[in-house]
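Protein chains: 2
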Amino acid sequence: MPKQTVEEALRHADINVDASLNRLFQLLRIPSISCDAHYTRQCHEAASWLANELSGIGFDASIRATTGNPVVVGHSKQAAGPHILFYGHYDVQPAEPLDEWESQPFEPTLRAQPNGETHIVARGASDDKGQLLTFIEACRAWKATAGRLPVGVSMFFEGEEESGSPSMQAFLDKFEQELLADVMLLCDTALWNDSVPAITVMFRGLLEEEIRVTCANRDLHSGAYGNAARNPIQVLAELIASLRGQDGKVAIEGFYDNVVELDSTVRDELLKLNFDAEQFLAAAGLSQSAGDVSYSVMEQIWTRPSCEINGIAGGYCGVGLKTIIPCSALAKVSFRLVDGQDPESIRSKFRSHICARTPRDCKVQFTGLTGSPASVIGPRSPYLDCARAALRQEWGCESVLIGSGGSIPIVSIVRQRLGLESLPIGFARADNHHHSPNEKYDLYTFQKGIRSWIRILAELSRCTTDRVEAEP
Amino acid sequence: MPKQTVEEALRHADINVDASLNRLFQLLRIPSISCDAHYTRQCHEAASWLANELSGIGFDASIRATTGNPVVVGHSKQAAGPHILFYGHYDVQPAEPLDEWESQPFEPTLRAQPNGETHIVARGASDDKGQLLTFIEACRAWKATAGRLPVGVSMFFEGEEESGSPSMQAFLDKFEQELLADVMLLCDTALWNDSVPAITVMFRGLLEEEIRVTCANRDLHSGAYGNAARNPIQVLAELIASLRGQDGKVAIEGFYDNVVELDSTVRDELLKLNFDAEQFLAAAGLSQSAGDVSYSVMEQIWTRPSCEINGIAGGYCGVGLKTIIPCSALAKVSFRLVDGQDPESIRSKFRSHICARTPRDCKVQFTGLTGSPASVIGPRSPYLDCARAALRQEWGCESVLIGSGGSIPIVSIVRQRLGLESLPIGFARADNHHHSPNEKYDLYTFQKGIRSWIRILAELSRCTTDRVEAEP
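Chains as they are written, first to last, in this note's numbering: chain A, 1 to 472; chain B, 1 to 472.
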């Protein structure tokens, strides 16, 4: 791949950034919220939009139905050289709480900052619509200048990542052969900092449970029954309080039993990053970690499992006060899992823990939501080397290997099903407010992302086509 | 008062019960929810409706503005004999959860039961619209037959009882002289059972607090921050768990300090009732009391203070799961107080308890809602004797003196401000689902209530007009 060809693709991307941004805005305007069935139509709309865009740049693109939201698949195959599989997701988190947004979550806005930055503000701006478009726009630039991509590329975009990817297993069962490739690229991750790109080599797994505690057969008058009737909010509060010890550890028996401690070499690599825990907490308005003090904050969030209450509801919380003892209360609980923890085994231990502590006259109902194990990516691969070379060219510095406390189920699924190694390279920043009000993506990193992928595609063409098998 | 005159009034009430019921339905159709400012207009509408009804039966009726919902006042004065003050409230609790109602909460429905009973189903059917109408309809029967009431009567109906009567003090400041009377009657109470009427001689006080725990400056991604960021739902759960001991006692330091133990004579009276704790719990689908086991269930609900969580909310509880650590969580807490407990002192102890247990990086905000002390009514009064004689005539048995775990702030306010003893006599049943979905009032007790008040008004005319001062 002559250097001049790469430069032409980069120039094309730079000149046409407004058009790229315009396409991003189109996608951001579609409220493709996957966890709420009211937005199913919009999820389909986002899938159609993506399929059209892929077709427009010469991909053989189509929409594949699943039992949930559809998957968009596009191919641009080549006779020789490595074949790349690219993954992204077009679904987003709900926008609530709506009143904390400074602009409409699904009406993207460019907001100039005092420091000269420009923010693209919308739900999904970063997670994952802005990020996945960096790859599509990189392909567009190649097609527009060289007439073809440097390597064969297949893309697939799912619409249920924010809901734990429940349809992915069945989808891969059906289309496994079609998606065979040499390596998977994905972009749902972050930069190390504004000037240093990162490749994420570990993700935590995710296990979700809903728990409902029911006591009386109806809401009771708190005057008539107060003291005598068991209050399900009180019971639920006691159950939740029992999940964490004062030492910050998860207090479920056997929770840490099979946890694989981090490889010391990798741990040393991570420690070299000089993760600034104080700044990390301060960015969220906090000054003190709530986690297990025998681990650093970086380890707590990347390499240690957690238990979080994501939502709680019970009784009357409207204006004023309603003097009831409600009949039931609900909590949404999720666990971030690490290497060695089996989601279904943790689910079972959680339920046993709760049942053992549920008083008489109380009924506990569990609703098991999805679970996916953690994934750890092997640090040695020729594709990794090529990607790091490309990032070095674009950013003028060495990229770093980092961990992520988040969960990208597709990484472990693809490894198990297709035997494919993944290279998660993304251009988000820590302050992008993922899953929060006023989510944003930096216009600068949007452009740098497009440019980085242009270079990565060029570098990957140097790799041999031997399939890289995932480490056992 | 000749016996025949009473009989004529009773017959008139019986013959015209359908018209009485029709008027009740009119009032029930007005969603006069006081705790939610969205229903202010409907509260005014209910007040107007009542003033019109009082005028229609010859009362000098008017609506008095307060800083909250208006008070309806009506007078039917007489030159001689005792003067009675009657109190009721036209406001109701919110109807939520709406999906548990079998019919629309503000579209009253008559529902025939397999056992031959007929239920009037609507929010407020019993608490307090159905009950207060029994008194108005009794007055109507007297006016229609004898042309006048047996005693002088003033009525006042407030519109904020379900919100702790915040405007009552100021209202009484202004209209104290106008409301002077010999005794206050009120009807927001229950029968002992289907065939035995009761006069309620003790009410618990009520103290309301809202507490919001805030940790991070926004909702956080539970992958990015899970373990490290303090979770306000977890904190709130631990705070709530700390409010009650495993022994069922409220665990706030000094909570029981000034509690006046029940007078042993009154306690013996109450014990003679053979309160059926098992049946009381079973009616709510429960089998075991959650309260302090060193007291009987009857004592727990009538004579012991309690702490209840009436509502809790935080994070995302919609469809699916949103993987956030929310920035804040909220609980509505209320206390039922007994004789000797000062509401503001308990409020202060509660807040100290919470603050002492709030971890670093957490902010707790308290919103103090209303507080009213408990009230205990002296068991010796000529008005009480007259009322019991009337109830004996109507029900063919002796009435009983009982306690109530609920709170009727007006009883203590009127005692403090006007020096007036109260006689709380009501015709609700324990299974009327006060404050719950499918609230109902029995058509039978609605009729018996009207008849009972017709007789009580007649009997009260025998009393001397010496003002009965409240016991110190």
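A few of these clues could be false.
Which copy is meant is left open, because identical chains are indistinguishable; a pair holds if it fits in one copy or across any two.
Claimed, not checked - Derived lysine-lysine pairs resembling DSBU-like cross-links, with alpha carbons at most 35 angstroms apart:
hint, residue 1, residue 2
1, Lys349, Lys3
2, Lys363, Lys249
3, Lys349, Lys363
4, Lys249, Lys349
5, Lys3, Lys448
6, Lys77, Lys143
7, Lys3, Lys272
8, Lys363, Lys448
9, Lys143, Lys363
Just so you know, these hints were derived from the structure itself, not from any lab.
Evaluated hints:
| no. | hint | in the structure |
| --- | --- | --- |
| 1 | Lys349 - Lys3 | neither (56 angstroms within a copy, 74 angstroms between copies) |
| 2 | Lys363 - Lys249 | both (27 angstroms within a copy, 22 angstroms between copies) |
| 3 | Lys349 - Lys363 | both (18 angstroms within a copy, 33 angstroms between copies) |
| 4 | Lys249 - Lys349 | both (15 angstroms within a copy, 31 angstroms between copies) |
| 5 | Lys3 - Lys448 | within (18 angstroms within a copy, 98 angstroms between copies) |
| 6 | Lys77 - Lys143 | within (13 angstroms within a copy, 95 angstroms between copies) |
| 7 | Lys3 - Lys272 | within (33 angstroms within a copy, 99 angstroms between copies) |
| 8 | Lys363 - Lys448 | neither (54 angstroms within a copy, 39 angstroms between copies) |
| 9 | Lys143 - Lys363 | neither (60 angstroms within a copy, 54 angstroms between copies) |
Checked against the numbered hints above, the structure breaks hints 1, 8, 9 and satisfies the rest.
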